[in-house]
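Assemble the whole structure, with the sequences as input and the hints as a guide.
For reference, the chains in residue letters:
There are 2 protein chains.
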Amino acid sequence: MKKIKVSNNVIRRMPRYLRKLEELEAQGIARVSSSELGNLLGLTPSQIRQDFSCFGEFGQQGYGYNVSALKEEIAKILGTDRGYSAVLIGVGNIGRALMDNFCFSAWGCNLLCAFDVNKDIIGGQINGIPIKSMDELPAFLAENKVDLAVLAVPKEFALSVTDALTENGIEAIWNFTNVDIAEPDSPLIVENLHFSDSLLALSYYISEKKDEDAARAARMERQKAVK
Amino acid sequence: MKKIKVSNNVIRRMPRYLRKLEELEAQGIARVSSSELGNLLGLTPSQIRQDFSCFGEFGQQGYGYNVSALKEEIAKILGTDRGYSAVLIGVGNIGRALMDNFCFSAWGCNLLCAFDVNKDIIGGQINGIPIKSMDELPAFLAENKVDLAVLAVPKEFALSVTDALTENGIEAIWNFTNVDIAEPDSPLIVENLHFSDSLLALSYYISEKKDEDAARAARMERQKAVK
Chain A
8 MKKIKVSNNV IRRMPRYLRK LEELEAQGIA RVSSSELGNL LGLTPSQIRQ
58 DFSCFGEFGQ QGYGYNVSAL KEEIAKILGT DRGYSAVLIG VGNIGRALMD
108 NFCFSAWGCN LLCAFDVNKD IIGGQINGIP IKSMDELPAF LAENKVDLAV
158 LAVPKEFALS VTDALTENGI EAIWNFTNVD IAEPDSPLIV ENLHFSDSLL
208 ALSYYISEKK DEDAARAARM ERQKAVK
Chain B
8 MKKIKVSNNV IRRMPRYLRK LEELEAQGIA RVSSSELGNL LGLTPSQIRQ
58 DFSCFGEFGQ QGYGYNVSAL KEEIAKILGT DRGYSAVLIG VGNIGRALMD
108 NFCFSAWGCN LLCAFDVNKD IIGGQINGIP IKSMDELPAF LAENKVDLAV
158 LAVPKEFALS VTDALTENGI EAIWNFTNVD IAEPDSPLIV ENLHFSDSLL
208 ALSYYISEKK DEDAARAARM ERQKAVK
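Chains as they are written, first to last, in this note's numbering: chain A, 8 to 234; chain B, 8 to 234.
The hints are simulated quantities; they were obtained by calculation from the structure and are not laboratory data.
Any given hint could turn out to be false.
Which copy is meant is left open, because identical chains are indistinguishable; a pair holds if it fits in one copy or across any two.
To be verified - In silico lysine-lysine, DSSO-like type, Cα no more than 30 Å apart, as pairs:
hint, residue 1, residue 2
1, 27, 12
2, 216, 162
3, 162, 27
4, 231, 12
5, 216, 27
6, 234, 162
7, 78, 139
8, 216, 78
9, 216, 12
10, 126, 216
11, 83, 217
12, 231, 139
13, 126, 234
14, 126, 162
15, 162, 78
16, 83, 152
17, 139, 83
18, 216, 152
19, 231, 78
Shown next, in the form of structure tokens:
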């Protein structure tokens with residue numbers, strides 16, 4: 008189906024489309040035009056049509072999109088129908104939050120098992136997911152089809168655990184450690200959730216707004232002074 | 008200093024530059040060229056020069072960048088020297104993980120206080136940060152300069168808590184709820200950490216690689232059959 012290598016920016020928008028379409032479907036809305044979808048997401052209709060055209064033809068000119076069909080199509084593009092399996096490494100606060108509250112299965116991903124070094128929790132389970140010892144990781148990865156690992160270990164173990172994972176055949180990592188775990192040319196697929204990058208972007212946008220507000224206030228002061 | 012409205016993509020790269028420069032500084036490296044920095048980050052030198060040019064002149068042609076000076080400059084652009092203050096709403100797993108492990112102060116942000124509805128933890132503290140009742144939120148926001156709120160409440164409370172925050176003067180939210188809390192045209196500054204969007208992007212890249220691998224294998228099969 009995919010006709011061209013799709014840009015990262017387009018890929019990043021696909022999950023947003025999916026979430027919005029799920030919302031619309033839940034509201035009982037059957038059809039949506041690219042301009043309606045654009046209004047909801049703060050994108051132009053042509054942007055949306057262009058994004059979808061990377062993956063083939065979805066809509067019919069003048070009729071808009073069938074919400075459910077488009078949702079299914081995007082979910083498929085994102086691979087949610089492929090039955091990926093995951094393991095989670097590191098059952099600290101973040102690992103625990105993911106096991107407790109994050110619905111992996113809603114996104115087509117099956118979280119099989121978690122691993123940790125803490126003897127107090129090894130052998131237990133959270134939300135039905137067993138917690139095993141890190142010593143058992145190689146055998147587990149040899150015996151099970153595992154498509155990705157969730158890395159939620161403390162910073163200082165990020166690189167050594169990454170090595171252990173790749174040596175045992177893991178090709179994709181969802182990285183919560185805020186450490187760059189792969190060189191740019193590495194074949195390892197890494198998706199980073201760098202919390203600090205996100206906070207710094209927010210800090211930038213706050214600063215930008217404060218500067219704009221200050222500039223506006225200064226302008227108004229000057230105008231008052233002139234009068 | 009800022010000469011033009013800077014694109015979102017550029018803003019998103021600035022924290023990555025900052026992290027890499029901190030790493031280089033820690034390694035005792037004093038100067039770095041745009042091509043060296045590019046190699047480390049998987050970006051072209053011209054991309055890097057272009058990004059920096061949005062904010063003025065940093066390097067000297069042929070001499071590269073002074074690592075520490077560039078780091079300071081980028082930190083300033085990102086607003087880490089402005090002393091922003093935050094409150095955190097929702098001391099569940101994610102909230103707790105942030106209070107315990109995320110070093111707000113390293114990014115120039117002062118986490119003043121957390122709020123929750125759970126009587127068992129109200130009055131206590133985590134990592135020196137007090138936990139107060141949600142009932143105390145309006146008074147706290149009235150009495151303290153608070154620049155942003157970290158939203159880590161369960162999904163179903165995301166919108167009502169957002170309303171409570173904006174009604175009490177909060178203009179920026181770091182959103183961990185996986186709910187879209189603002190319309191596209193809202194003046195509220197929202198930075199989302201949508202875990203599921205990130206997992207879906209990873210799922211896409213895994214699928215892309217599996218498809219490429221399968222296509223390559225099929226090609227080789229055909230070549231073998233021809234021989």
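Evaluation of the provided hints:
1. Proximity of residue 27 and residue 12 under a CA criterion of 30 Å is satisfied in both settings, with 24 Å inside one chain copy and 28 Å between copies.
2. When the C-alpha separation of residue 216 and residue 162 is checked against a cutoff of 30 Å, the pair qualifies only between copies, where the shortest distance is 28 Å, while the shortest distance within a copy is 33 Å.
3. With identical chains, the CA atoms of residue 162 and residue 27 are at most 30 Å apart between copies only, with a shortest distance of 15 Å across copies and 34 Å within one.
4. Taking CA atoms no more than 30 Å apart as the test, residue 231 paired with residue 12 passes between copies only; the shortest distance there is 27 Å, against 56 Å inside one copy.
5. For a Cα distance limit of 30 Å, the shortest separation of residue 216 from residue 27 qualifies both inside one copy, at 27 Å, and across copies, at 27 Å.
6. With identical chains, the CA atoms of residue 234 and residue 162 are never at most 30 Å apart, being 59 Å at best within one copy and 51 Å at best between copies.
7. Taking CA atoms no more than 30 Å apart as the test, residue 78 paired with residue 139 passes in neither setting, with 36 Å inside one copy and 41 Å between copies.
8. For the homomeric pair residue 216 and residue 78, the shortest alpha-carbon distance between copies (22 Å) is at most 30 Å, but the shortest distance inside one copy (35 Å) is not.
9. In this assembly of identical chains, residue 216 and residue 12 lie within 30 Å of each other by CA distance solely across copies; the values are 12 Å between and 36 Å within a copy.
10. For the homomeric pair residue 126 and residue 216, neither the shortest alpha-carbon distance inside one copy (49 Å) nor that between copies (37 Å) is at most 30 Å.
11. Proximity of residue 83 and residue 217 under a CA criterion of 30 Å is satisfied inter-copy only: 14 Å between copies versus 42 Å inside one chain copy.
12. Neither within a single protomer nor between protomers do residue 231 and residue 139 lie at most 30 Å apart by alpha-carbon distance, with minima of 70 Å and 44 Å respectively.
13. Proximity of residue 126 and residue 234 under a CA criterion of 30 Å is satisfied in neither setting, with 75 Å inside one chain copy and 57 Å between copies.
14. Taking CA atoms no more than 30 Å apart as the test, residue 126 paired with residue 162 passes inside one copy only; the shortest distance there is 20 Å, against 33 Å between copies.
15. Taking the shortest alpha-carbon separations for residue 162 and residue 78, only the inter-copy value of 21 Å comes in at or below 30 Å, while the best intra-copy value is 37 Å.
16. In this assembly of identical chains, residue 83 and residue 152 lie within 30 Å of each other by CA distance solely inside one copy; the values are 20 Å within and 46 Å between copies.
17. Within a single copy, residue 139 and residue 83 get their C-alpha atoms no closer than 32 Å, and across copies no closer than 44 Å, so neither meets the 30 Å cut-off.
18. In this assembly of identical chains, residue 216 and residue 152 lie within 30 Å of each other by CA distance solely across copies; the values are 16 Å between and 48 Å within a copy.
19. For the homomeric pair residue 231 and residue 78, neither the shortest alpha-carbon distance inside one copy (54 Å) nor that between copies (40 Å) is at most 30 Å.
Hints 6, 7, 10, 12, 13, 17, 19 from the list above are not met by this structure, while the remaining hints are.
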